[in-house]
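Undergrad: Residue strings, one per chain:
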Amino acid sequence: MAKTYKKPEALSEQVTHYCPGCTHGVIHRLLAEVIDELGIRGRTVGIAPVGCAVLAYNYFTFDFQEAAHGRAPAMATGIKRVRPDLMVFTYQGDGDLASIGMGEIIHAANRGEKFTTIFVNNTVYGMTGGQMAPTTLKGQRTTTSPAGRDVEDVGMPVKMAELISALETPAYITRQTVIKPKYIVRAKKAIKKAFQYQMDRRCFSLVELVSTCPTNWGLTPVEAIKWTEENMLPYFQLGEFKTPDEVEED
Amino acid sequence: MGKILMKGNEAIGEAAIRAGCLNYFAYPITPQSEVAEYLSRRMPEVGGVFLQGESEVAVGYMLFGAAGCGARVLTTSSSPGISLMSEAISYISSAELPVVFVNIVRGGPGLGGILPSQADYFQATKGGGHGDYRLLVLAPSGVQEAVDMVMMAFPLAEKYRNPVMILGDGLIGQMMEPVEFSDHLKSEPSNKDDWATNGMDTRNRKERNLVKSLFLDAELLEEHNLVLKAKYDRMKQEEVRYEPYNLETDYRALVVSYGTMSRVCKTAIDNMKAEGIEVAMIRPQTLFPFPIDPIRAAAAKDGCQAAISIELSMGQMVEDVERSVQGKCPVHWHGKAGGEIPTPEEVVDVIKSLIK
Ligand SMILES: Cc1ncc(C[n+]2csc(CCOP(=O)(O)OP(=O)(O)O)c2C)c(N)n1
Ligand code: SF4
Chain A
1 MAKTYKKPEA
11 LSEQVTHYCP
21 GCTHGVIHRL
31 LAEVIDELGI
41 RGRTVGIAPV
51 GCAVLAYNYF
61 TFDFQEAAHG
71 RAPAMATGIK
81 RVRPDLMVFT
91 YQGDGDLASI
101 GMGEIIHAAN
111 RGEKFTTIFV
121 NNTVYGMTGG
131 QMAPTTLKGQ
141 RTTTSPAGRD
151 VEDVGMPVKM
161 AELISALETP
171 AYITRQTVIK
181 PKYIVRAKKA
191 IKKAFQYQMD
201 RRCFSLVELV
211 STCPTNWGLT
221 PVEAIKWTEE
231 NMLPYFQLGE
241 FKTPDEVEED
Chain B
1 MGKILMKGNE
11 AIGEAAIRAG
21 CLNYFAYPIT
31 PQSEVAEYLS
41 RRMPEVGGVF
51 LQGESEVAVG
61 YMLFGAAGCG
71 ARVLTTSSSP
81 GISLMSEAIS
91 YISSAELPVV
101 FVNIVRGGPG
111 LGGILPSQAD
121 YFQATKGGGH
131 GDYRLLVLAP
141 SGVQEAVDMV
151 MMAFPLAEKY
161 RNPVMILGDG
171 LIGQMMEPVE
181 FSDHLKSEPS
191 NKDDWATNGM
201 DTRNRKERNL
211 VKSLFLDAEL
221 LEEHNLVLKA
231 KYDRMKQEEV
241 RYEPYNLETD
251 YRALVVSYGT
261 MSRVCKTAID
271 NMKAEGIEVA
281 MIRPQTLFPF
291 PIDPIRAAAA
301 KDGCQAAISI
311 ELSMGQMVED
321 VERSVQGKCP
331 VHWHGKAGGE
341 IPTPEEVVDV
351 IKSLIK
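Residue numbers (the numbering used here), protein chains in the order written: chain A, 1 to 250; chain B, 1 to 356.
Heads up, a few of these hints could be off.
Unchecked claim - Label pairs and their in silico Cβ distance ranges: (1) Gln52(B) / Pro181(A): 41 to 49 Å; (2) Leu226(B) / Asp153(A): 44 to 52 Å; (3) Lys138(A) / Pro44(B): 25 to 33 Å; (4) Pro44(B) / Arg141(A): 49 to 57 Å.
Said to hold, decoys possible - Quick list of in silico lysine-lysine cross-link-like pairs, DSS-like style, CA-CA up to 25 Å: (5) Lys7(B) / Lys6(A); (6) Lys6(A) / Lys180(A); (7) Lys6(A) / Lys226(A); (8) Lys206(B) / Lys7(A).
If you're looking for bench data, these hints aren't it; they were derived computationally from the structure. Built from N, CA and C at the ideal position, the CB exists for glycine as well.
Same shape as in the complex, but just chain B (with noise of 0.2 Å):
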């Protein structure tokens, strides 16, 4: 199949379906409500199943049943719907359930605005929910990213038994690009019936499955926490994945940024290249596991004068960048929260304030 030029909300949808995965539960909330839309209409042509919850709470436990049997499962949401599954997101992490979360995220706190945003990296990132949980963060730059990461989604999600969270924003969700589909995958999870309550008939064996959190025991709780631990651990093991640019360069700053941020960004490096300015770029690709090692390493090259966070958000990344430099160079934040994306002539003038 060739490329074709599609909406990104309906573009992830698509892919969940070429994923193999035919069961989504949504509540509609803008900017992506067109995935939901999409799905209503595809999921009945492959048979699988659509439904629209009352809540975004509802939802989030719709997840847990669903995946708590076997089934591939995805929710696509928003910020403020994204805070009403937090609960759901931390049952379902400590019950060790498979389930992909889309957020296309919206300007906030509280209602915000609909307009492109990066202000849910913490919820992301640090935990919205409860308890000591970690998601497996995969963050796109654009369309064809987006299609690719939620081909990903499923079968990391199901190698850890952890919920993966795709956080988009707004433009991603909204803008039409060309994009391609690679092969359908299988669509089961493979060690299903070892934990899923998928009946004791289906998997032919006679010990009976639970799907729970709860671990009255306080030697108990510690080791189910240690096991989560482990997995995280694991992620930051395997998983951490990241774009560098201009990397090979005797480049002056490093700009750390992401998603639609990170394409701005690019513009403006390659703008500053033409000029005789070098500046380098780590674009994570997974926000956790968090391209630590790889930060730490740009960043203490000769002569790199500052790092920065470029970031949709008041600063929030750049914590996290923060921690990665580990003093190898100082540390920056500029940020724009309001729906407005930076633009290229702004990251110039920007990093030329840092630079000598």
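Here chain A stands alone, though its shape is the one from the complex (with noise of 0.2 Å):
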């Protein structure tokens, strides 16, 4: 489908180092539409992870930083306190939020710190060779967890979405997929809307993004598509989990 659009200003000319089949270009790309449709990129500052995304910000042609990992809220929060003007998102995978950067999420959000967060949940550490994330699936094999992930040993995926959402404070929480056209649109839409909240300086805004891995779950694109539509979907539903109207309006 890209072939109908032109490349978002946003968006450099450099050729991704991602995977045949991997999700992080289509988010990449909707992310550089979106700032470019909102007109922002001589005032936005994105936050790279540390995992596939690393080097994100070769992909893109605005202000970077690069983050240590799961930090990349702090960074945010840092950034937005002393420029509450610029617009900064983190791009961060699932071992880099939900692992090892839980706790700054976490701090984050209920501080309601006034940023973007876009999460690529594709439940397993990617660029380390596709180990147990928090988020991986009940049984789901990955190279640290041969046998399928035991719940009784490691617990129950977590779903950061709801987790997030449990917070009091006002937030724009939302997950969403990009593994068919349709719900690209639909992704779009939710990470436009997040980048607007902030944009009004409403509330912290989470964009939860059920990706794919083909890679490191052994499996062709075609086919993870179908197992991304058949195993993470049931558990990791998609749909809107909280908008700062709702909190407001109380």
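Assemble the dimeric complex from its two separately framed chains, guided by the hints.
TA: Pasting the structure below:
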């Protein structure tokens, strides 16, 4: 579908290093389109995670900082506190956000920091070779759960969108996916809404994106989409979990 | 403005504001929580940013983010907190960001105690985090000097685009002394448009800026490390600071001591002078870069029978003293690490036992 559009200005010319069938590329494109449409490229600062997207800044054409593993929300806090006029987003995987960076994301969300988090949930540590993540599904085999995730031993997969929605502070929290065109349209809308809330200085916003990692799942890109639909979507349900409007209407 | 009586920790907070630092992130820890308490009041008055982070780990990266977009930033903490910030300090050093850290050192290791200590000397000067990085480390010996060093620290951090650490101790943080504040500094790092992620519109440029520490290519990482090394070498050339004491006499021993401990040593040296025994001291005001050449020259002087590193630790700075003296005379160590400060009498006895 990308061919029907021209390249967004916020996206660079570089060819990405992502594997075939990986959703990181689609998500980058959506972000770039939203940034173009809102006309905020000149005042946006992205924060790249430690994970497969560590080099994400190579694919964008605006200011970027590169985080330490899991710390992007603290960095975004620092930026927004001293420069509330800048548009700031963190781009984080599930190892980055839901494991090592759990403390930083929860507290940033709870303080209501006015930045946006793009949370790419692919159930594994992609960059380091497909180890188990906090989001790995029950029974899912990974390189550190060769017999499948044993929930008696390590607990159930963490549902970040639901967890953060439980915080009282107003926020926009949604879970979307990009595995099919119909979902992509909704995901883009959600990203745009999240940035809009930030622009209006209303609230913290988090868009969780149910994503693929065909390489570490040992599947073809097509199989990976099917696997995502059959296994991830029933557990990681799509939808809007929290919007600032509900809270403010009370 | 004349002199006012202030507690060290509060004076440090006020000095930051005078230095044009209007952004403060911190996590409470004894014996320096008064800085946060003071600035939680003062920052709103001057339109600044005060934020109590959820941990020192997070605070370290709040500083990274804020400094990365060109803001002048400060944190204060004490030993266990600095351990947690050490990850960020490594990243901040690599990303070449100007940040000022104040460590009001307490006893360690582990939870240790809350009394004064200098046991974080290695952590500050040799790196508590990973990789080849150096902090510019300033060591005040009283409240006025702490204030002056805070004022100095920001321009130094910006000159080198490198973190600066002020290594105090619990006594300096807690005691009250008369202080005078100099004029306000200009509040913005001067060359920040060249590197800060402050938004392309802000700097009216088409090129974007990138703040990062990853260099996957061996050649590029080598080059990056050489750039950092060149800065550290320049610091060694340009930033060595120390106070000589009684160095113009025919001294029989050379004391090397800094911070609170050096004040006791001065009293001991004065007392020995009254008895007719001359002892000199070099008080490093920068711990990195270390005053290597002045110490070597002083130790090499005829009649100097011993160099003694006197410190509130189990013997850390003594390694730098040894490396400075280079065998020109025997090197000894004396110190305590539990939180008690050796008395002048104790210091006199130690020095006497080492000289003829
Ligand atoms: C402090 C620290 N611990 C461990 C690592 C190694 N590491 C690099 S990426 C990564 C996992 C990334 O996984 P995820 O966040 O899920 O992102 P993905 O690669 O799947 O996009 C780990 C553990 C690191 N760089 N730093
Ligand atoms: S390893 Fe997985 S997450 Fe990483 S680029 Fe490849 S498919 Fe994407």
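Undergrad: With reference to the structure, classify each hint as holding or not holding.
TA: Hints and how they fare:
| no. | hint | verdict |
| --- | --- | --- |
| 1 | Gln52(B) / Pro181(A): 41 to 49 Å | holds, 45 Å |
| 2 | Leu226(B) / Asp153(A): 44 to 52 Å | holds, 47 Å |
| 3 | Lys138(A) / Pro44(B): 25 to 33 Å | violated, 49 Å |
| 4 | Pro44(B) / Arg141(A): 49 to 57 Å | holds, 54 Å |
| 5 | Lys7(B) / Lys6(A) | violated, 62 Å |
| 6 | Lys6(A) / Lys180(A) | holds, 20 Å |
| 7 | Lys6(A) / Lys226(A) | violated, 29 Å |
| 8 | Lys206(B) / Lys7(A) | holds, 18 Å |
Of the numbered hints given earlier, the model fails hints 3, 5, 7; all others are met.
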